[in-house]
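Got chain E; can you put chain Y on it based on the hints?
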Amino acid sequence: MSARLAPIILLAFAAISQYQPTVIGTQRSYRLQPSLLFSRFFSRIRSTRRRFPPSPRSYAEMSEAGSKLFERKQASYKNLDGRFEIHTEKYQGQQYSHIYFTRLHHMRNLLYTLVPKWKPNLPVKTVLGLEEGKECIIVGTIYKHMKLKPSILDEYAKERSKVPLVKPHNFLHPDDHLILEDESGRVALTGSFLDPSAFVTGIVVALHGKETSKGDFLVQDMLEAGIPPQTKLPLSSREDKYVVFVSGLSIGSSEFNPLQFQLLIDHITGHLGDENEQSIASQVVRLVVAGNSVQIAQGLLSGHTIAPRDQSASVEPIKELDILLNQLAAAMPVDIMPGLDDPANYSLPQQPLNRCLFPGAFAYNTFLSCTNPHQFELDGVLFLGTSGQNIDDLFKYSEAKNRLEFLERTMRWRHLVPTAPNTVGCYPFTNRDPFLVESCPHVYFVGNQEKYETAFMQGPEKQLVRLICIPKFCQTGIAVALNLRNLECHTLSFSTSLDV
Amino acid sequence: MASSGLKNFYRQKKKGGVAKPSSNRSFAGKSPTVSLSHLVDPVPSPLHGSGAGSDKASLAAGIGEEEDEKLRQFDMDMRYGPCIGLSRTDRWERAAAMGLNPPTEVEAILLKSSAAASGCLWDGRV
Chain E
1 MSARLAPIIL
11 LAFAAISQYQ
21 PTVIGTQRSY
31 RLQPSLLFSR
41 FFSRIRSTRR
51 RFPPSPRSYA
61 EMSEAGSKLF
71 ERKQASYKNL
81 DGRFEIHTEK
91 YQGQQYSHIY
101 FTRLHHMRNL
111 LYTLVPKWKP
121 NLPVKTVLGL
131 EEGKECIIVG
141 TIYKHMKLKP
151 SILDEYAKER
161 SKVPLVKPHN
171 FLHPDDHLIL
181 EDESGRVALT
191 GSFLDPSAFV
201 TGIVVALHGK
211 ETSKGDFLVQ
221 DMLEAGIPPQ
231 TKLPLSSRED
241 KYVVFVSGLS
251 IGSSEFNPLQ
261 FQLLIDHITG
271 HLGDENEQSI
281 ASQVVRLVVA
291 GNSVQIAQGL
301 LSGHTIAPRD
311 QSASVEPIKE
321 LDILLNQLAA
331 AMPVDIMPGL
341 DDPANYSLPQ
351 QPLNRCLFPG
361 AFAYNTFLSC
371 TNPHQFELDG
381 VLFLGTSGQN
391 IDDLFKYSEA
401 KNRLEFLERT
411 MRWRHLVPTA
421 PNTVGCYPFT
431 NRDPFLVESC
441 PHVYFVGNQE
451 KYETAFMQGP
461 EKQLVRLICI
471 PKFCQTGIAV
481 ALNLRNLECH
491 TLSFSTSLDV
Chain Y
1 MASSGLKNFY
11 RQKKKGGVAK
21 PSSNRSFAGK
31 SPTVSLSHLV
41 DPVPSPLHGS
51 GAGSDKASLA
61 AGIGEEEDEK
71 LRQFDMDMRY
81 GPCIGLSRTD
91 RWERAAAMGL
101 NPPTEVEAIL
111 LKSSAAASGC
121 LWDGRV
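If you read the protein sequences in the order shown, they are chains E and Y. The opening position of the first sequence corresponds to residue 1 in the UniProt record's numbering, with each subsequent residue numbered one higher. The opening position of the second sequence corresponds to residue 1 in the UniProt record's numbering, with each subsequent residue numbered one higher.
Here chain E stands alone, though its shape is the one from the complex (with noise of 0.2 Å):
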């Protein structure tokens, strides 16, 4: 058998050491491995996923002297994902209490040094030293009593026939209030200025009002943090330099579509099309893929042993998906994001996900393992972005008209997850928050979400937030594709339906 496969490996060796320099042309040191060639090889000749050989027109045309080599971009980049490591913590036993102080402490410094622009002449007070009558700012972190949240303590309830059913996804309620919380105290907020269900638990505010006969707080008016300060973007003309973001690939799920995503890769790695299609690719200098990558059925991680014949579907989605980054690593820098339902832990940050998850793809050194949320920035672009955990649960907890909203709010609140530790689990930080956000990004993504939406934020300092959703490329074929040099979005729909 090995006499008859030793010329087609070493036509296609020809074929595969040919052509690299056409899709990868990075300067970096990138060693060719022939053992990882050969294996490359055998699996593209076992999965029936991929186009092999190469069409015959292209490769006449590599071979040809002044064929055209295009050079992938490159995008200088600085990885910022120090504060969201957990390694360094050590767990003493604690509890959430010193993140929200430390939350507290820190917002309501920068909101004393706001306050007086915003009202200068009214006295700042703490809770518990609210005056009947007169009118005075407090700060403090805001919690929203919600009737319908689902709480532990249900379970032992003994009037379970009276709590209405409960929508799914939402879990609002007319009924909801909002109190404010101090080191002193707490009180409750009444008036009609504030309305619920756009604020969540966790925030911190300023609220400027005076306390009624009641004990409650009358609300008048409302400071919120704000958009951070931002860095400006150099404006020196740059060429056109593509990020692209996917999210929601779950392979593993039966939505999964295997030449969909294959079609994505052949494209920015520039094995799709004709020159104009390959100069395109060449753009790109960076992909992301920001979450859920997998889908492990739910029945096989319920705890119970797993039979030997179903250990392979346990771990076969993870040998897929390190099979698609190797080709993908292999052309281009690839940053790669935890979700929720990939194998990481539960409670954000996420911490990157293992190496040995991924043999193939980590021997490219343009793989690179993320924690999510994720900030880092490319040419002097700061990116910030998450999987998805602190929008769906903004959604749970509160209402907006899409979920851009929910996004300008939470750079407003200047804080990334402003739920956790409440309804999103949380590593129990003693001294620091690492989801406040101290400067303003330059691009905002959140990956996971139900369809594309973008717009541009303004901020009252001139600072401009591209905001980005990234739909779930397993139920629309869809990935995002954003210019570095004006912050311009477009989109990259891939489709392997017949019918047009």
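Hints were generated in silico from the structure; no laboratory data involved. Don't take each hint at face value.
Selected chain Y positions facing chain E (in silico; Cβ < 10 Å) [unchecked claim]: (1) Arg79; (2) Gly81; (3) Gly85.
Cβ atoms here follow ideal geometry from the backbone N, Cα and C, with glycine treated the same way.
Positioned in the frame of chain E, the structure of chain Y alone reads:
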């Protein structure tokens, strides 16, 4: 700020010592009750708890009554945040990093005795 008012409001002072059931030391005749009362008088008396017997932990740590009192007041002070789940040194360093100016004599006591520094007021009691 209303911080001094809060300190008065939330002053926690131990009047008596705690006698642990398995204690081998002879504290015969001392009252085993712990009273934490919100006091109105603003003058703290560090010697208040000295006559009623010492805490086993503080004696084991090798620090005297007054220093133990200072540590307890540092633990109870709300300005520096909650104290459970964090060692005193960590909490002091966190307060210093946040710019809250925690008292330097507390730092001196914590450096002197590592047993007191690693615990907090509620160790073994909650």
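How the hints compare with the structure:
Proximity of arginine 79(Y) to chain E holds as hinted, the smallest CB-CB distance being about 8 Å (cut-off 10 Å). The closest approach between the C-beta of glycine 81(Y) and any C-beta of chain E is roughly 4 Å, which is under the 10 Å cut-off, so the hint is satisfied. Checking glycine 85(Y) against chain E: minimum C-beta separation of about 3 Å stays under 10 Å; hint holds.
Figure legend: structure checked against the earlier numbered hints; every hint is met.
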